Amino acid sequence: MEALLLGLSTGTSCLVFCGPVILPYMLGEGISIKRSLADILVFLGSRLIVYILLGLLAALIGQTFFRTEIYREIITGSAYIILSITLVLYAFLRIKPLCLLKNIHDVPANQPDRRTMAVPLIGGLVTGLSLCPALLLAFTGATSEGSILKSILYFILFFAGTTVYFIPLMFLGLIHGRNVIHIIGKFAAGIAGIFFFIKGLIMLINSFSR
Amino acid sequence: MKREHAKLPPYNTAGHFWKSLLYCLPMFIISFMFLSGGRPNFQNPKWTISFLIVFLLFNYLFFRILFTGKTDRYRAVIFIMYAVFLSFVFILNMVETRNAMSFNNADLLQCNIPFCHLVVSMILIPAALTNSIIFPGHILGGFAPIASMVTIWGLSSIALGKGFCSWGCFYGGWEDGFSRILKKPRLKNVNILFRWSAFAVLLLVALSSAFLLSPVYCDWLCPFKTVTEFEAVTSTETLVKTIIFSSLFAGLVVILPILTKKRMQCTTLCPLGALNSFFNKINPFDIRINKEECTQCKKCINACPTLSLDESSYESGNVHFTCCKCGKCVDACTNHAIHYHIKGVPVNKALSASRFLFVFSGFLFLAIFSGGSIQAGVYRIINLVTTGSL
Chain C
1078 MEALLLGLST GTSCLVFCGP VILPYMLGEG ISIKRSLADI LVFLGSRLIV YILLGLLAAL
1138 IGQTFFRTEI YREIITGSAY IILSITLVLY AFLRIKPLCL LKNIHDVPAN QPDRRTMAVP
1198 LIGGLVTGLS LCPALLLAFT GATSEGSILK SILYFILFFA GTTVYFIPLM FLGLIHGRNV
1258 IHIIGKFAAG IAGIFFFIKG LIMLINSFSR
Chain S
46 MKREHAKLPP YNTAGHFWKS LLYCLPMFII SFMFLSGGRP NFQNPKWTIS FLIVFLLFNY
106 LFFRILFTGK TDRYRAVIFI MYAVFLSFVF ILNMVETRNA MSFNNADLLQ CNIPFCHLVV
166 SMILIPAALT NSIIFPGHIL GGFAPIASMV TIWGLSSIAL GKGFCSWGCF YGGWEDGFSR
226 ILKKPRLKNV NILFRWSAFA VLLLVALSSA FLLSPVYCDW LCPFKTVTEF EAVTSTETLV
286 KTIIFSSLFA GLVVILPILT KKRMQCTTLC PLGALNSFFN KINPFDIRIN KEECTQCKKC
346 INACPTLSLD ESSYESGNVH FTCCKCGKCV DACTNHAIHY HIKGVPVNKA LSASRFLFVF
406 SGFLFLAIFS GGSIQAGVYR IINLVTTGSL
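Going down the list, the sequences are from chains C and S. Under our numbering, think of the first position of the first sequence as 1078, with each following residue one higher. Under our numbering, think of the first position of the second sequence as 46, with each following residue one higher.
These are calculated hints, taken from the structure and not from any lab test. Please read all numbers here as calculations on a predicted model, not as lab measurements. Ideal placement from N, C-alpha and C gives every residue a C-beta, glycine not left out. Please note that the accuracy of each hint is not assured.
If you want a taste of the chain C side facing chain S, the calculated C-beta under 8 Å gives, among others [said to hold, decoys possible]:
#1 L1081
#2 L1085
#3 I1261
#4 F1264
#5 A1265
#6 I1275
Take the sequences, apply the hints, and build the full model.
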């Protein structure tokens, strides 16, 4: 659940801050639905690859540094509390998370003859690596999963959560609803932040009461 | 003049009195049937008194709705009574059967948890994907079975849209009641964006419940566990859960509604309220503003308990799809520029018929749904007065 919650809370960052760069390309005029769908699948697929790699990295770090359960609970609990506060701040303050895709210019929008799979591929890779509190929280959560498979699964669920916001765009191109999706996502981030704060607190209480 | 132009009946007149009385007749007959269960037990004096109190009160209030043209004022009486009496009867039942308001693991394993409509928002996706119900309750039989609650919710939501939240929800009356304590709000200008918060909760709890196959909102957030039942405190986690739901009840159901005069829990937290908003799109009734009559005095915006009206409503003539059709804005408008409306009918036509059809449907649903609990509550009080025991 945690991973999914986090994905849902960060999905709007990808959508609102990275989406405007990639979506005009994907939803350009004269593009067939089939091609548009293929672009989006490549975009999401490359993000999934990044998340699987991050899951693997988190598992390796977890197995290297967090061998004792009590330390793992203290470190993870503290990280949850600190990062959840930043997630709540992101939700309720006007903070724009870093989107690496913003640095890519000259995306050939609306030009079917110049389209290449490289754009959605690179787009997916760099949005997957965009730093935000939720991604850091997911990384922290994945390190404490205990096995490589579980850590990767954690990131796959995180990916599923972030992808939810792209679904309506895939089929509707609803530019009008983007602001609403962003607002709902901000609230989701705030709620998820509070959830992780409480979870961190419970972990700390449990570890200190042993 | 305005009233004539808007084609509303001349309320509070002798002619309208008889007309209202005539229109009450169907409600009189149907409510008698449902409140008596088709088998009136007039040989039991306590039952007779409780039946008569509820039956006469319901019909008197419905008559007042028709005769005075005021909807929310009289709807709210039953709506608030429903919330209080349901909790009262429910808690008594729990204490009598379990000796406590809390439930334990054995109750969970035996699927003895009564189902409430709020859970609907969490069971739909798992039910569609796995053909299983992720709630430890009875599907058929027992107290508050899942099948009947889902059917009642589904049909009423199709008929009334989000009107369910003002004419059927047995929790909404709590904050509706608290929101009426002060004459004027102490906290004004609640940010309109908060109306989207419940959609975030819906998104989170619906998907996380589907992944976890467990009703996450009931587990962690539902503030109404404070006035029904809750998990026994046996660990740090259950202690934290208890603190969360009781704080949410105190904050969103009691304190903020008193200070803002808004239904803050319904607006910002309830996932079923968010889900029901979508039913507003498909059911035949809505609230419309007659732009020619409207003076943009903002009385309706201030009155709306769910932040469903803002200044953009004056331009569009529509209310936001989160409207729960309580009728507060309609009552507040001195120009009669805002009214119940049937989709497809021109905005300024058939106002009286539109209002009657919605109010009749809503009130009938409220009377049928709440009658049993209110009657049982009154019966218990009569018992207490006459025998000294509930």
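Status of the hint placing L1085(C) at chain S (closest C-beta pair under 8 Å): 6 Å, holds
Hint status (Cβ of F1264(C) to nearest Cβ of chain S, threshold 8 Å): 3 Å, holds
Status of the A1265(C) interface restraint (C-beta, 8 Å, chain S): 4 Å, holds
Restraint outcome when I1261(C) is required to lie within 8 Å of chain S by C-beta distance: 5 Å, holds
Interface hint for I1275(C), Cβ within 8 Å of any Cβ on chain S: 6 Å, holds
Interface hint for L1081(C), Cβ within 8 Å of any Cβ on chain S: 5 Å, holds
Violated hints are absent here; each numbered hint is respected by the structure.
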